[in-house]
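> The lines below spell out each chain.
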Amino acid sequence: MIMDLITLSVRWMGRFPKKIGGTFVLCSVVPFLSMGLSLATPVSASASMVPLGDSALAEVSGTGLALGFEDLRIEMSPTGYIEATGATVAGGLPYRRADARWYGLSFTAASSAGGTGYHFDGRPCATNDISCPISAGGFLVPNDNPLIVRVWDYQGVSSSGRQYLLRDGTGGTDVPTVLELLMPDWHQPLKAAFWGEIAVGLVDGIAPEGGRTYPGSGGTPASSHFLQSQTILDEVSLAGTNVRLMQFDQQTNPGGNADTTFGLSANLRITGDMRFSVNQTEDSLNALGIVPGFTDREGLYFSGVDTHLPLGSLHYQALIADQVPGGGDFILELTQIPNIQAIYEDFYAFAPGDTQGYQRTNRPQRYEETHGHWRIGDMNPATNTCTGPGTCSGTSGIVFRSADTSSMFTVYADRPSEDVDAWEDNCTGADSCNPPPRVMNPRNADTYHQVNIGDVNVSGLLIQHLRITTCSTINGAC
Amino acid sequence: MRIPALQYHVLFACLAGSFGLAATAASLQPLEDAELAMVTGQEGAVLEISVHWNTTADGAPRTDIPAVLRRFALQYDGRPGDWLVATDFYLHLDIPALAIDSGDGLTEAEYAALPEYGAPGKSSLLGSFDPYGTPLMELRFPEGLMIGMNNSLAITRDVMDGGEVQQYGWERTDLQPFVGIRIGDASNMPGQPPVNGTGTGPTHINLDGVVNFFGFGGEL
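Protein sequences, first through last, are from chains A and B.
For the record, in the first sequence the residue sitting at position 393 is 393 according to my numbering, with numbers rising by one throughout.
For the record, in the second sequence the residue sitting at position 14 is 1014 according to my numbering, with numbers rising by one throughout.
Everything labelled a hint here was simulated from the structure, so no lab data went into it.
Be a bit skeptical, because a hint or two may be false.
As the list claims (entries may be wrong) - Short, incomplete list of chain A residues facing chain B, as computed with Cβ under 10 Å:
{"no.": "1", "residue": "63"}
{"no.": "2", "residue": "70"}
{"no.": "3", "residue": "79"}
{"no.": "4", "residue": "86"}
{"no.": "5", "residue": "139"}
{"no.": "6", "residue": "148"}
{"no.": "7", "residue": "162"}
{"no.": "8", "residue": "178"}
{"no.": "9", "residue": "179"}
{"no.": "10", "residue": "182"}
{"no.": "11", "residue": "262"}
{"no.": "12", "residue": "288"}
{"no.": "13", "residue": "289"}
Said to hold, decoys possible - Each pair of labels, with its calculated beta carbon distance range:
{"no.": "14", "chain 1": "B", "residue 1": "1192", "chain 2": "A", "residue 2": "380", "range": "48 to 58 Å"}
{"no.": "15", "chain 1": "B", "residue 1": "1192", "chain 2": "A", "residue 2": "460", "range": "29 to 39 Å"}
{"no.": "16", "chain 1": "A", "residue 1": "342", "chain 2": "B", "residue 2": "1068", "range": "45 to 55 Å"}
{"no.": "17", "chain 1": "A", "residue 1": "159", "chain 2": "B", "residue 2": "1076", "range": "27 to 37 Å"}
None of these values were measured; they are calculated from a predicted model.
Every residue, glycine too, gets a C-beta built ideally from N, C-alpha and C.
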């Protein structure tokens, strides 16, 4: 029996400043406790609540709960962290302990909202753009596009015209009820930021070695190396993202007995810009657990990110978890698509008449629901210009920047020739097939402070089956 | 099944007028109809919420509790004998002030007047429900919250012999966690002045703005 392990205290206080016309006034007294806990002294009240009658209650259909936000701003202390602590690695395994922390997680207004901002170490930002991790303002999620939590039975035909299929390929009505979190169709863009530490090989983890410096940077060195970084996501939208929890029938034989477990499906959609940087100011201490000062410009930039990652499909594919027998390892699995025509035709969602998936026109809307994509940039070569040293002005896509415009680095490439004809001409026999001549990037000079390496376009991302097994605690588990 | 029973204390205080008239209750009491009838509407309230699960009042882990009891375990339906166990578990949550008020949401015209409003049009998920000017609950966290958490996760199985459970998975002492999750603050070590980098105590989170909370119905 456990005694006194949880202390739960609830205080209900009667004064609350109510915002009226932009000023705060004190409201009437509420010296009672509801919530079914207990009742203190009842008092008279000024503005009485009108009781709900049966007819009024009958109009409440309870379709869902909705959350709208006005000027929402979430900011963790810059020394506060979420940590993934490493485990002791069994002997004989080729791994080392790793620890990671994400500090100062914040969700504030996007740069486009204007206003001021500041860095994790408290310095005010010169400008509130993607160089600035924390905005002083919040963002709006309007009540007409709220975040929704509800339970729902997805059965029959979807709004896009496809039939929901069970794992046996039928469109039965006895479907699992889903608890789902639906992000808004639109919300004001936001900025998300954190700074992080990744340490590999620390003897006891980050906390016991807090304050110790990176080897070679002075002070008392940590027992192993670590990397501090800053990640800023700007102009972010999560519109269209949803997460669903359900009971999932994972039977591998469609005609077999039910084998249910906890299942999850998600459609993750995120758009915006990202900056990942590591360069610190000269007076930054560069020690474990001490807030660094990051410079304004250096970093790897992803401009114009558009990501859609579908994980699971109602009701025939879901993300489930399992254990590895005999130890503490575990399995994460996006279950395999059943080999049933109705299901794989729905899953592949080819254009009418197409049997190979090559036809890129006239695809049904369902294709974009089951197939993900990952794009960076606007797919326009004109915005990836890099005409000469120091003049890579294009900002779309993937861009590297130095700490400032006077800090140059070398753009360098040493790669095999792309001249296939030269390769074949050179290859006159099995023993004389020499490697093709190498190509040196002609702009091999330290005269660049910014380089744009182009855009990314990954389309048609389809996951038929994904299984991840951890191998850290049992020798031979994998 | 030997599941540790969890007991908790409920402490509350009420303020009447400008006087701190504290009332305490040692046990939970059901509300009678007559008492419920006296519950009338108010214009606002403030809740102070504290959850100290295996922690002291300032957020330090309660190491005086046996390690096998500082656990939180889950077993999913369809997984007999398997457990997801959070070892060395503690959770510390202090919300000094959760301000609850009722009000009406912004009208469509008021939204249109906001420069940050993108005029997205009503979400189809709301069906025929009218979200403009609707009654709702307003939540604020004027003092933010303090939170600390720790656990090491392991997946394990009951020890069986002859079809009988000899030891439940959650109480095994040979667990090998594969990862640990912690929420803390590098500058906060409970019971000490601010520290530089070694802290593991709870951290503070600012929660600015207003949360509009409402239910919706209507035909889809």
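> A separate judgement is required for each hint: does it hold in the structure or not?
These are the hints, each one checked on the structure:
Checking residue 63 (chain A) against chain B by beta carbon gives a least distance of about 5 Å; that is within 10 Å, so the hint holds. Given hint, residue 70 (chain A) at the interface with chain B, holds; its Cβ is 4 Å from that chain's nearest Cβ, closer than 10 Å. Given hint, residue 79 (chain A) at the interface with chain B, holds; its Cβ is 4 Å from that chain's nearest Cβ, closer than 10 Å. Given the 10 Å rule on beta carbons, the hint for residue 86 (chain A) holds: about 8 Å separates it from the nearest Cβ of chain B.
With a least beta-carbon distance of about 7 Å to chain B, the hint placing residue 139 (chain A) at the interface is held under the 10 Å criterion. Taking 10 Å as the C-beta contact cut-off toward chain B, the hint placing residue 148 (chain A) at the interface holds, the least distance being around 6 Å. Look at residue 162 (chain A): its Cβ only gets to about 17 Å from chain B, farther than 10 Å, so that hint breaks. For residue 178 (chain A), the shortest C-beta to C-beta distance to chain B is roughly 14 Å, which exceeds 10 Å, and the interface hint is violated.
For the restraint placing residue 179 (chain A) at the interface with chain B, the shortest Cβ-Cβ distance is roughly 14 Å, beyond the 10 Å limit, so the hint is violated. Checking residue 182 (chain A) against chain B by beta carbon gives a least distance of about 6 Å; that is within 10 Å, so the hint holds. Here the hint on residue 262 (chain A) is kept, as its CB sits about 5 Å from the closest CB of chain B, short of 10 Å. The criterion of a C-beta within 10 Å of any C-beta in chain B is met by residue 288 (chain A), whose closest approach is roughly 5 Å, and the hint holds.
Using the Cβ-Cβ criterion of 10 Å, the hint placing residue 289 (chain A) at the interface with chain B is satisfied: the shortest such distance is roughly 3 Å. A hinted range of 48 to 58 Å holds for the C-beta pair residue 1192 (chain B) and residue 380 (chain A), which are about 56 Å apart. In this structure the supplied range 29 to 39 Å is violated for residue 1192 (chain B) paired with residue 460 (chain A), their Cβ-Cβ distance being about 55 Å. Our hint of 45 to 55 Å for residue 342 (chain A) and residue 1068 (chain B) holds, since their Cβ atoms are close to 50 Å apart.
Restraint check, residue 159 (chain A) to residue 1076 (chain B): a C-beta distance of roughly 31 Å satisfies the suggested window 27 to 37 Å.
Of the numbered hints given earlier, the model fails hints 7, 8, 9, 15; all others are met.
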